[in-house]
Amino acid sequence: MRLLLVEDDVMVASGIKLGLTDAGYAVDWVGSGERAEEVLRAESFDAAIIDIGLPAMDGLELTRRLRRPDMASPSMPVLILTARDALHDRVQGLDLGADDYMVKPFELPELLARLRALLRRSQAATTAVLSFGPLELDTAGRRASMRTPAGEQVIELGPREWTVLEYLLINAPKPASKDKLLQALTGWDKEITPNAVEVYVSRLRGKLEPHGVALRSIRGFGYRLELQAA
Amino acid sequence: MLWKKNSSRRPGLRAMTSDLRTRLLLMLVLPLCVLALVGVWLDYRSADEAAGQHDQRLVRLLPALADSVLAPPIHDNDPPLLLLAPPIEDFLRQNAGFAAYSVRDTSGRLLLGEDWVHSGVPTTQAPEFHSVEFGGVTYRVAAQRGRTGAGELVVALADGSDPRQKWAQQLLLRVLLPNLVLLIAAGFAIHWAVRQAFKPLVGLAEAVERRSPRDLSPIDEAASPDEVRPLVHSLNRLFALVNAQAEGQRRFVADAAHQLRTPLAGLQAQVEAWAMMAKAAAPPRTSFPDFDRKMPLAHEDRAQGAIVLGVDQIEKLRNATRRTSQLAHQLLALSRADARSLDAQPPQRVDLKDLCESLLETFLDAATGKGLDLGLDVQPVHVTGHGWLLRELLSNLVDNAIKYTPPGGVVTIRCGMRQGRAGPPRPYVAVEDDGPGVPEAERTRVLQRFYRVPGAGGEGTGLGLAIADEIARVHRATLTLGTGPQGRGLLVTVVFPL
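Sequence order for the protein chains is A and B. The first sequence begins at 1 in this note's numbering and counts up by one. The second sequence begins at 231 in this note's numbering and counts up by one.
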């Protein structure tokens, strides 16, 4: 995964780059919006992390420009960094095409988590394959499989189980609420009860847990896909 | 609204007006009393004068009466011969029913006229006056001993139209009663007038009293009565000055916190990266040169040589950095939660259930990492307010719960409608944990800024609850600390107005 980091503060930039590199990403760092625009014209990236408070061209303007069709990767996810946390900036940033934002100072693990979520979403949009750990869901071919040391193992899912799992995968690593799962299922049954969700979840557990993917109950809310500690 | 009557408090103003009322009563009623007395005295004087004239008239008539006794009786025991002189006849006719006469001999025996017209026998020739009660009427009786046609006799005239007697009778009814009524009326009038006159002041005092110390908005000068307008004007000027000063201070804190965040962001990014790498590195101890290999950016660090830091030291460094960042963030939030800085933003409808769910997502990893069971118990409910502030409020509460609850504990975020002691159910949010809780004695103090319960570990800044309380206050909600349902842990509840 190749990421572009646009940040004028050397301390912040080097810290982020260090962390991202350590997490296995290839990071290109530029210190100004103008330089970033140049790079983006020629090269493509999987995602960009852009600071709002850049010296000349600010991060919001850069975000607007990189969405132009003449850019190399106009649809890549953009995560905005801001020291301003007023609501106004947030709305403006998301309006202009940013996908998420974080307020400085931030915790690196959270930046990584959000980046992963952004990448997962953009990947799903382009490849139609949702994945979580060893689990892969090919939404085009409607095929669920597990990568195991012994090779790929197909998992048979009923249509409602598929709906539940797909919804959980789209949201992972965030939890999915029972209400939302219920809504996703009403496409199948008009009169479905919350208990039905529990039934499908417990069936899914039986199929996923042997492969190290857990479906954790979040009390009072819903469920979340988690990787079981080895 | 501004001048609404509310009488339960303000002993100061109440005492002041009643004191003033007493003083005004004294100052006005005493002169009134004196005036009444003077009036009575003057009345008396004029009555006395009239009476004097009256007496003189009687005295002038007495010789005529004496002259009317023309001759001694023809037979013994017969009355002397009397022919009333014209002035006497006129007098008797004019005052018919209230006038009488008598003629006695020097021993006091009645010879002519009415017996009740008597006055004893004067020893000298000088006229004497008496008051005689007869038939319910007080008569003025003038008697004189003098020579008559029948020798030395005592003649007396009685007149019931005596002004002095009438005055004495009418004193109570005609003079004192009106004065008394006047005095009482004046008393009531003063009482009422003082209350009316002070109404604007009392209202103003109440308006000022009702304010929270944070509310320094000007009082509506146009809506104030003319009498207190100058006072309102001065108060508003004072408010404005205090406001400007407080605003300056608030802005300074906000600016300082804001300026701190950029260098802190750099520091934190670096330390976080080290911590991540240190954790990933297999051996428990790791060192800088080892990092440098993976750190193509950090040329400037390498030039200075290397020091060795343990994983736990880096963790400590990271925790301290996170805490500092949190403090800067909280200071900023606190300055933003200020009521004055919120005026510009209109409140919006906030879905508390959504908010609770979003907070659960935010804190799920932190809770899971600490081995806590973070869960929800939410009902759909809305309030009017500032979403980002309410989020800040709740996130401080949840953050506290996660920090202070030992591993294995249960933290629950709740929201819904709650039946209070009185009135309809009101929206609430609550965060509940089964950690150590806050002792009853500490509960008011933990809401103070920078106060931390003695002996409480964790990595708090002492600002979380203060911010939550401040935000609750801005939303006219009440934040209360209690004990969790199983008799342990902390339950923080924020109840909103309807």
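Just so you know, these hints were derived from the structure itself, not from any lab. Be aware that a few hints might be false.
Capping the alpha-carbon separation at 25 Å, the derived lysine-lysine pairs in DSS-like fashion look like this [to be verified]: (1) B:Lys633 - B:Lys546; (2) B:Lys546 - A:Lys178; (3) B:Lys583 - B:Lys509; (4) B:Lys509 - A:Lys178; (5) A:Lys207 - A:Lys174; (6) B:Lys583 - A:Lys174; (7) A:Lys174 - B:Lys429; (8) B:Lys600 - B:Lys509; (9) A:Lys174 - B:Lys546; (10) B:Lys546 - B:Lys583; (11) B:Lys509 - B:Lys633; (12) A:Lys178 - A:Lys207; (13) B:Lys583 - A:Lys180; (14) A:Lys207 - A:Lys180; (15) B:Lys633 - B:Lys600; (16) B:Lys546 - B:Lys509.
Here chain B is said to cover these stretches of chain A; the calculated rule only asks that three of the stretch's residues, wherever they fall, bring their Cβ under 8 Å from a Cβ of chain B [said to hold, decoys possible]: (17) 13-25; (18) 104-117; (19) 210-220.
Cβ coordinates follow ideal geometry from the N, Cα and C atoms, glycine included.
Do the hints match the structure? See the list:
1. B:Lys633 - B:Lys546: holds (16 Å)
2. B:Lys546 - A:Lys178: violated (39 Å)
3. B:Lys583 - B:Lys509: violated (37 Å)
4. B:Lys509 - A:Lys178: Not OK: B:Lys509 and A:Lys178 at ~35 Å, beyond 25 Å, violated.
5. A:Lys207 - A:Lys174: Answer holds: A:Lys207 to A:Lys174 is near 21 Å, not above 25 Å.
6. B:Lys583 - A:Lys174: Satisfied, since the Cα-Cα distance of roughly 17 Å is no more than 25 Å.
7. A:Lys174 - B:Lys429: It is violated: about 62 Å lies between the C-alpha atoms, which goes past 25 Å.
8. B:Lys600 - B:Lys509: Holds: B:Lys600 and B:Lys509 sit about 16 Å apart, inside 25 Å.
9. A:Lys174 - B:Lys546: violated (28 Å)
10. B:Lys546 - B:Lys583: Violated - the C-alpha atoms of B:Lys583 and B:Lys546 are around 36 Å apart, more than 25 Å.
11. B:Lys509 - B:Lys633: holds (21 Å)
12. A:Lys178 - A:Lys207: holds (20 Å)
13. B:Lys583 - A:Lys180: Given that 25 Å is the threshold and the Cα spacing comes to 14 Å, the pair holds.
14. A:Lys207 - A:Lys180: holds (22 Å)
15. B:Lys633 - B:Lys600: holds (9 Å)
16. B:Lys546 - B:Lys509: holds (13 Å)
17. 13-25: As far as the stretch 13-25 of chain A goes, the hint holds, because 10 residues have Cβ atoms under 8 Å from chain B.
18. 104-117: holds (count 7)
19. 210-220: holds (count 3)
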